[in-house]
Amino acid sequence: MAKPTTITSSAPVLENKRPAGKDAGPQQFSGAAAWLDERIGLAKIAKGGLRKVFPDHWSFLLGEIALYSFIVLLLSGVFLTIWFKPSMMELEYNGSYQLMKGLPMSEAFASTLALSFDVRGGLLVRQVHHWAAILFIAALTAHMLRVFFTGAFRKPRELNWLIGVGLMSLSLIAGFSGYSLPDDLLSGTGLRFVDGLIRSIPLIGTWAEFFVFAGEFPGDALIARLYMVHILLIPGILLALIGAHMTMVVYHKHTQFPGPGRTEKNVVGYPLFPVYMAKAGGFFFIVFGVLILMGALMQINPVWMYGPYNPAQVTAGSQPDWYMGWVEGAIRIIPNWEWHLFGTTWSWNIFLPGVGLMGLLLTGLGLYPFIEAWVTGDKAEHHLLDRPRNAPTRTALGVAGMTCYAMFWLAGGNDILSTQFHVSLNAVTYFMRVAVFVAPVIAFIVTKRICLSLQRADRERILHGSESGIIDRSPAGGYSEDHVPVSHDEAWTLTQHEQYEPLEASDAVDVNGIPQAGRGISKLRARASRWFFSDDIPVPSRDEIEEAHAHDHHELDHEVEDAKALGH
Amino acid sequence: MSHDIVPTDHPSAPVRQFPVDDPGIEHHVPRYTDVDVAAGNRAYRNILAMFGLVPVLAIAFVVIYFAVPKTAGFDVLGNNFHAQTLFLGLTAGLAVLLIGTGMVAWARDIMSDQEIAEERHEAGSDEETRAAALVKVNAGITDSGVGRRKLILGALGGGMGMLAVPAVVLLADMGPYPLAAKRAETIEKTIWAEGVRLVNDVNELPLKASDLEIGQLVNAEPETLFKLHGHEYQTEKAKSAIIIVRMDPASIKIPASRKDWQVDGILAYSKICTHVGCPISLWEQQTHHLLCPCHQSTFDLGNSGVVVFGPAARSLPQLPIKVNAEGYLVAQGDFPVPVGPSYFERDSSKDFKEGDQ
Amino acid sequence: MRFLSSHRRRRAAKPLMLAFALLLMGTLYAVVAPAPQVAADTGTSAQVAAGKGLFAVSCSSCHGLNGEGTSQGPSLVGVGAAAVDFQVTTGRMPMAAPGAQAPRKHNTMTREETDALAAWVATLGPGPAIPQKSQYAPGDQDAATIARGGELFRTNCSACHNFEGGGGALPEGKYAPTLKGVEPIHIYEAMRTGPQQMPVFSPGAIPDADVASIITYLESLHAQPGPGFNLGGLGPVSEGLFGWIVGIGGLCLFATWIASRGARAR
Chain A
1 MAKPTTITSS APVLENKRPA GKDAGPQQFS GAAAWLDERI GLAKIAKGGL RKVFPDHWSF
61 LLGEIALYSF IVLLLSGVFL TIWFKPSMME LEYNGSYQLM KGLPMSEAFA STLALSFDVR
121 GGLLVRQVHH WAAILFIAAL TAHMLRVFFT GAFRKPRELN WLIGVGLMSL SLIAGFSGYS
181 LPDDLLSGTG LRFVDGLIRS IPLIGTWAEF FVFAGEFPGD ALIARLYMVH ILLIPGILLA
241 LIGAHMTMVV YHKHTQFPGP GRTEKNVVGY PLFPVYMAKA GGFFFIVFGV LILMGALMQI
301 NPVWMYGPYN PAQVTAGSQP DWYMGWVEGA IRIIPNWEWH LFGTTWSWNI FLPGVGLMGL
361 LLTGLGLYPF IEAWVTGDKA EHHLLDRPRN APTRTALGVA GMTCYAMFWL AGGNDILSTQ
421 FHVSLNAVTY FMRVAVFVAP VIAFIVTKRI CLSLQRADRE RILHGSESGI IDRSPAGGYS
481 EDHVPVSHDE AWTLTQHEQY EPLEASDAVD VNGIPQAGRG ISKLRARASR WFFSDDIPVP
541 SRDEIEEAHA HDHHELDHEV EDAKALGH
Chain B
1 MSHDIVPTDH PSAPVRQFPV DDPGIEHHVP RYTDVDVAAG NRAYRNILAM FGLVPVLAIA
61 FVVIYFAVPK TAGFDVLGNN FHAQTLFLGL TAGLAVLLIG TGMVAWARDI MSDQEIAEER
121 HEAGSDEETR AAALVKVNAG ITDSGVGRRK LILGALGGGM GMLAVPAVVL LADMGPYPLA
181 AKRAETIEKT IWAEGVRLVN DVNELPLKAS DLEIGQLVNA EPETLFKLHG HEYQTEKAKS
241 AIIIVRMDPA SIKIPASRKD WQVDGILAYS KICTHVGCPI SLWEQQTHHL LCPCHQSTFD
301 LGNSGVVVFG PAARSLPQLP IKVNAEGYLV AQGDFPVPVG PSYFERDSSK DFKEGDQ
Chain C
1 MRFLSSHRRR RAAKPLMLAF ALLLMGTLYA VVAPAPQVAA DTGTSAQVAA GKGLFAVSCS
61 SCHGLNGEGT SQGPSLVGVG AAAVDFQVTT GRMPMAAPGA QAPRKHNTMT REETDALAAW
121 VATLGPGPAI PQKSQYAPGD QDAATIARGG ELFRTNCSAC HNFEGGGGAL PEGKYAPTLK
181 GVEPIHIYEA MRTGPQQMPV FSPGAIPDAD VASIITYLES LHAQPGPGFN LGGLGPVSEG
241 LFGWIVGIGG LCLFATWIAS RGARAR
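Residue numbers (my numbering), protein chains in the order written: chain A, 1 to 568; chain B, 1 to 357; chain C, 1 to 266.
None of these hints come from the bench; they were simulated from the model. A virtual CB, placed ideally from N, CA and C, is assigned to each residue, including glycine. Honestly, I wouldn't trust all of these hints.
Now the in silico label distances, taken between C-beta atoms and shown as ranges [claimed, not checked]:
#1 C:Thr-110 / B:Ser-210: 18 to 26 Å
#2 B:Gln-332 / C:Gln-132: 34 to 42 Å
#3 A:Pro-104 / B:Leu-53: 45 to 53 Å
Below, simulated SDA-like cross-link-like pairs (lysine to any residue); rule was C-alpha separation at most 20 Å, straight line [stated by the list, open to error]:
#4 A:Lys-253 / B:His-121
#5 B:Lys-70 / A:Pro-302
#6 C:Lys-174 / B:Lys-353
#7 B:Lys-350 / A:Phe-342
#8 A:Lys-379 / B:Val-15
#9 B:Lys-353 / A:Trp-346
#10 A:Lys-101 / C:Gly-127
#11 A:Lys-17 / B:Pro-30
#12 A:Lys-101 / C:Glu-219
#13 C:Lys-180 / B:Asn-80
#14 A:Lys-101 / C:Thr-145
#15 C:Lys-174 / A:Arg-120
#16 A:Lys-44 / A:Phe-342
#17 B:Lys-227 / A:Glu-90
#18 C:Lys-174 / C:Ile-185
#19 A:Lys-17 / B:His-231
#20 A:Lys-52 / B:Ser-112
#21 B:Lys-208 / C:Ala-143
#22 C:Lys-174 / B:Thr-287
#23 A:Lys-379 / B:Ser-125
#24 A:Lys-17 / B:Asp-109
#25 A:Lys-85 / B:His-231
#26 A:Lys-52 / B:Gln-114
#27 B:Lys-70 / A:Trp-346
Work out the full structure: start from the sequences and follow the hints.
Spelled out as structure tokens, the structure:
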């Protein structure tokens with residue numbers, strides 16, 4: 001985190017030399033502005049919103065990367081729809097890509113080849129579109145992690161968090177349906193997997209499969225149905241949810257990191273017009289530009305090399321796009337649990353990692369703010385962010401979750417790991433079966449200890465200042481290190497966070513002293529609360545800080561006295 | 001300092017005391033571009049240059065679009081790049097990027113960087129507003145007459161809820177119904193039949209038993225597949241694809257019940273994995289193991305296709321084959337069990353298990 | 001000696017000592033290590049005899065003196081001259097150490113030695129001969145045939161070697177090697193002889209013309225321009241990795257620039 005500026009007392013005072021232009025801007029509403037104001041009350045909007053304050057921090061731009069990637073997806077997607085044909089009708093290829101000449105393929109695949117080789121700039125736009133999809137989901141994941149670790153999901157932002165979980169789930173479907181549209185070998189293999197996944201669902205599997213595919217796999221309906229989902233249904237819902245998400249950010253105002261002058265009751269930063277508009281607007285162009293450069297320089301999804309989908313062909317190293325990698329990993333490492341009972345088959349080896357694990361993650365994420373509020377008993381509004389070290393259990397839980405996800409993710413690429421790092425494929429699988437349980441526990445313990453150490457270090461800084469690196473030798477002969485007291489700004493930043501006492505188990509009683517069932521605090525809740533706040537290093541109180549500063553001075557005085565006494 | 005927001009379930013909770021006093025927003029320290037005229041003008045010129053390059057790049061884009069041939073390659077550090085994609089992308093990407101960096105540089109170097117503070121309001125409304133809202137709500141409820149005629153709301157809700165039924169039922173023709181009879185003619189059946197020849201995939205060559213060597217793998221299909229086209233072809237291929245392997249009979253286990261399913265160590269298995277349906281043709285000649293690339297299910301083809309590793313739960317179905325009068329490999333009939341991934345209604349008791357005879 | 005000890009603390013002393021030690025070890029090794037046998041090419045029977053001699057020195061400890069096989073290596077009866085040409089020219093044989101995988105490495109045998117070995121092994125039993133160029137690179141295949149070669153490649157080869165011949169994982173630490181930069185003759189020979197775990201693809205199922213079309217397809221595929229760096233040709237795994245590192249990483253750098261306070265004047 002950026003530390004407040006320190007200015008030495010000897011620095012000269014400088015004069016502001018910004019060129020003083022004539023008073024820029026209009027002095028009254030006229031022309032187009034007046035026309036609009038008379039119809040939609042433009043002045044009221046301007047008055048309310050133009051100078052809204054937004055705080056500045058690089059991690060607040062992660063959500064913007066996601067938003068801007070989404071806009072790039074919409075723009076590049078419209079371009080692609082002009083040429084793409086979402087049809088599984090078979091034709092014989094006669095376009096300009098010679099290595100597929102005369103081969104039978106679906107219209108979807110042929111039109112993708114046409115986009116790549118016959119439409120100028122088509123391949124660039126295809127690649128930009130796919131990179132934007134990768135970046136959209138990566139950025140929203142990073143944004144979600146930032147929100148989690150800084151506690152920005154707490155009241156009043158729980159609804160926004162839920163919308164975010166919804167956005168994440170939809171983005172996974174959008175990405176999967178999108179890269180399946182070209183009907184190439186790699187994505188078709190993925191669809192085959194999905195067919196097997198749907199079919200294996202207990203009780204309703206074959207029904208779901210026949211309804212999704214209009215019969216057997218692959219059938220002739222799937223690509224057109226995925227097209228509808230990908231360009232109409234999901235973007236529509238996404239736009240609506242993004243709108244709601246942004247509206248709430250405007251209403252609640254953005255959270256801010258603690259610092260001098262920043263409290264729960266204000267927001268400190270720069271005005272929307274002109275600074276934030278320029279920074280955010282500029283960042284849109286930067287994201288867009290970086291995406292175009294990625295599309296120009298890095299190959300992605302080379303469908304002409306995969307070839308058209310053929311159910312008897314497959315490539316080594318078949319994986320879905322990165323954001324489905326964790327489900328892929330779970331499917332790979334699970335033991336082959338299947339029940340064969342009375343003429344039925346219950347495929348737990350597919351249902352548990354597929355539907356089960358995805359459901360577990362999304363439910364867990366969605367419920368987390370409410371679970372944490374239940375454990376901490378915290379009902380206050382929060383607009384100041386937590387530094388992750390000041391919520392050690394939450395941070396440790398988050399890192400443990402990330403570690404578990406990462407283990408599944410790595411397991412999804414176990415064959416790539418095997419060839420690139422020269423290890424046995426089977427050994428990787430066995431290792432991951434254990435690692436998905438053990439690694440998160442280790443991660444939790446290590447992270448919690450690190451957070452507590454950082455809290456201790458903060459406490460040391462406030463009480464005794466920072467080490468200056470200057471070693472003093474006292475007249476009496478002892479060595480000690482000079483400490484420089486931290487600035488007032490930094491002391492404030494380090495001590496302003498609130499610390500909570502764990503809840504105590506109690507029974508709720510009404511005005512007449514009669515116990516009310518279900519209204520008190522259960523023993524379980526109290527225990528969870530104790531665990532959540534356990535070991536938190538307390539912020540020093542005002543008295544402790546003053547005593548520590550006095551003590552340091554006192555020691556210094558003693559040394560001077562000793563020196564005098566020894567006659568130096 | 002104003003009161004901090006307190007937990008609302010403790011009206012008597014004390015106002016929070018901070019260990020250190022709030023120093024207030026830091027004193028603004030000017031930037032070089034504000035105090036040094038030369039620095040300020042330099043920043044101004046840099047921003048103008050960034051914006052000024054954009055039209056140049058845009059025109060370069062247009063020139064490249066029309067001038068560079070579609071199939072041209074361009075060599076960079078030993079990599080053969082597609083020229084149009086590279087140059088169109090570099091020009092357009094840099095042009096867009098420069099607009100962004102110009103705007104940001106303007107915000108950082110030229111625009112005023114005084115931080116300002118704005119008051120927040122509580123997300124929830126105060127008691128007055130809530131009371132006023134309740135007054136309006138109650139006025140509406142009174143006006144609606146629901147208080148005296150209580151069934152109206154319930155009946156409306158129930159009716160609207162029932163409207164969901166026609167909406168859902170409209171989807172009932174999304175696909176055929178997989179009842180037992182339908183399943184038997186679709187997912188439980190392939191086009192393999194008595195006497196159908198096994199042919200090599202793609203080149204459709206029929207296979208003689210004498211053509212195959214020990215250690216050979218053939219990716220094969222039924223001869224009748226190639227009369228089909230379009231999605232019918234794909235759907236049948238997704239079930240009927242097979243692999244043929246030839247192994248030394250002395251080195252493999254052939255159970256008694258399958259002695260006449262093979263010809264001199266030539267065995268035919270379904271190519272479709274019993275896990276989720278990927279085609280498998282990664283066969284290790286010496287271990288006889290078949291590895292599926294999707295999720296690493298491994299089957300031992302020298303032991304009737306039992307699973308030896310990975311998430312597949314059932315052995316790979318074997319196709320009984322024989323040799324016809326001319327010496328070509330032919331099927332004896334369809335697969336004895338449904339091929340491909342599991343489903344709830346599948347009777348998996350007939351699949352081969354380790355130890356079966 | 002005085003000179004050496006009085007100059008021992010000079011800066012050049014250490015590197016010079018190192019160079020001297022390396023030179024000494026290299027010379028010693030060159031003197032002690034066995035020199036490869038050179039056989040004179042004076043005729044077929046002499047070639048076979050030379051091959052037998054070479055085989056005894058370089059191959060028999062694992063494959064047996066008559067190529068009958070031991071616990072360390074399989075029988076070579078019937079593998080054919082093509083198998084020897086493939087294994088030796090790509091450096092796979094002789095193996096540096098016993099193991100499940102015989103990786104491609106630098107070939108230490110000359111053309112004559114390889115031919116001699118091949119000639120001798122061919123006498124052990126009938127097997128595929130070293131092919132003529134017309135068999136694996138006829139040079140007259142049209143676009144449709146080459147495209148069909150691609151279909152054959154994706155049906156028979158990509159399951160182990162991946163969609164562009166980049167290689168793939170096998171169980172227990174083995175792998176199917178990359179086909180990039182592999183000579184056409186070696187692809188032909190590997191298909192016909194089935195080295196190590198690779199199965200055999202005999203002419204009965206895939207005739208010479210089809211093998212040639214597969215080889216031509218691969219060469220054309222590797223020669224064509226690609227839209228950007230191919231990130232290893234490993235598919236979505238490396239694409240995701242680079243997306244995170246270049247995309248998110250790069251944009252986070254921009255974000256840090258945007259939100260940072262610039263240099264202050266004092």
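Hints versus structure:
1. In this structure, Thr-110 (chain C) and Ser-210 (chain B) break the distance hint of 18 to 26 Å, their C-beta atoms being roughly 38 Å apart.
2. Evaluation of the 34 to 42 Å hint for Gln-332 (chain B) and Gln-132 (chain C) yields a pass: the beta carbon distance comes to about 41 Å.
3. A hinted range of 45 to 53 Å holds for the C-beta pair Pro-104 (chain A) and Leu-53 (chain B), which are about 48 Å apart.
4. Straight-line distance between C-alpha atoms of Lys-253 (chain A) and His-121 (chain B) comes to about 9 Å, which keeps the hinted pair within the 20 Å bound.
5. Between the alpha carbons of Lys-70 (chain B) and Pro-302 (chain A) the distance comes to roughly 17 Å, so the proposed pair stays at or under 20 Å and holds.
6. At most 20 Å may separate the alpha-carbon atoms for a hinted pair to count; Lys-174 (chain C) and Lys-353 (chain B) exceed this at roughly 27 Å.
7. Taken as a hint, the Lys-350 (chain B) and Phe-342 (chain A) pair is honoured in the structure, with Cα atoms around 12 Å apart against an allowance of 20 Å.
8. Note on Lys-379 (chain A) and Val-15 (chain B): the hinted pairing holds, with a Cα-Cα distance of about 15 Å set against a maximum of 20 Å.
9. A distance of roughly 17 Å separates the Cα atoms of Lys-353 (chain B) and Trp-346 (chain A); the hinted pair therefore holds under the 20 Å criterion.
10. Distance check on the hinted pair: Lys-101 (chain A) and Gly-127 (chain C) sit about 36 Å apart at the alpha-carbon level, beyond 20 Å; violated.
11. Of the supplied pair hints, the one linking Lys-17 (chain A) and Pro-30 (chain B) holds, its CA atoms being roughly 10 Å apart against a limit of 20 Å.
12. As the CA atoms of Lys-101 (chain A) and Glu-219 (chain C) are separated by approximately 16 Å, the hinted pair is consistent with the 20 Å bound.
13. With a C-alpha separation of about 14 Å, the suggested pairing of Lys-180 (chain C) with Asn-80 (chain B) holds against the 20 Å cut-off.
14. Of the pairs offered as hints, the one joining Lys-101 (chain A) and Thr-145 (chain C) holds, with about 9 Å between alpha carbons and a cut-off of 20 Å not exceeded.
15. Taking the CA atoms of Lys-174 (chain C) and Arg-120 (chain A), the gap is about 43 Å. The hint is violated against a cut of 20 Å.
16. Of the supplied pair hints, the one linking Lys-44 (chain A) and Phe-342 (chain A) is violated, its CA atoms being roughly 71 Å apart against a limit of 20 Å.
17. Between Lys-227 (chain B) and Glu-90 (chain A) the alpha-carbon distance is near 14 Å, which keeps this suggested pair within the 20 Å criterion.
18. At most 20 Å may separate the alpha-carbon atoms for a hinted pair to count; Lys-174 (chain C) and Ile-185 (chain C) exceed this at roughly 23 Å.
19. At roughly 74 Å between alpha-carbon atoms, Lys-17 (chain A) and His-231 (chain B) are farther apart than 20 Å, so this suggested pair is violated.
20. Taking the CA atoms of Lys-52 (chain A) and Ser-112 (chain B), the gap is about 15 Å. The hint holds against a cut of 20 Å.
21. A hinted pair counts as satisfied when its Cα atoms are at most 20 Å apart, and Lys-208 (chain B) with Ala-143 (chain C) does not qualify at roughly 30 Å.
22. Taken as a hint, the Lys-174 (chain C) and Thr-287 (chain B) pair is honoured in the structure, with Cα atoms around 12 Å apart against an allowance of 20 Å.
23. Only pairs whose Cα atoms come within 20 Å are accepted, and Lys-379 (chain A) paired with Ser-125 (chain B) is accepted, the gap being roughly 16 Å.
24. Our distance criterion of 20 Å between C-alpha atoms is met by Lys-17 (chain A) and Asp-109 (chain B), whose separation comes to about 13 Å.
25. Using a Cα cut-off of 20 Å, the hinted pair Lys-85 (chain A) and His-231 (chain B) holds, with the two alpha carbons roughly 16 Å apart.
26. Proposed proximity of Lys-52 (chain A) and Gln-114 (chain B) is supported: the alpha carbons are some 14 Å apart, at most 20 Å.
27. For the suggested pair Lys-70 (chain B) and Trp-346 (chain A), the alpha carbons sit about 53 Å apart, so the restraint of at most 20 Å is broken.
In the structure shown, a violation is registered for the earlier hints numbered 1, 6, 10, 15, 16, 18, 19, 21 and 27, in ascending order.
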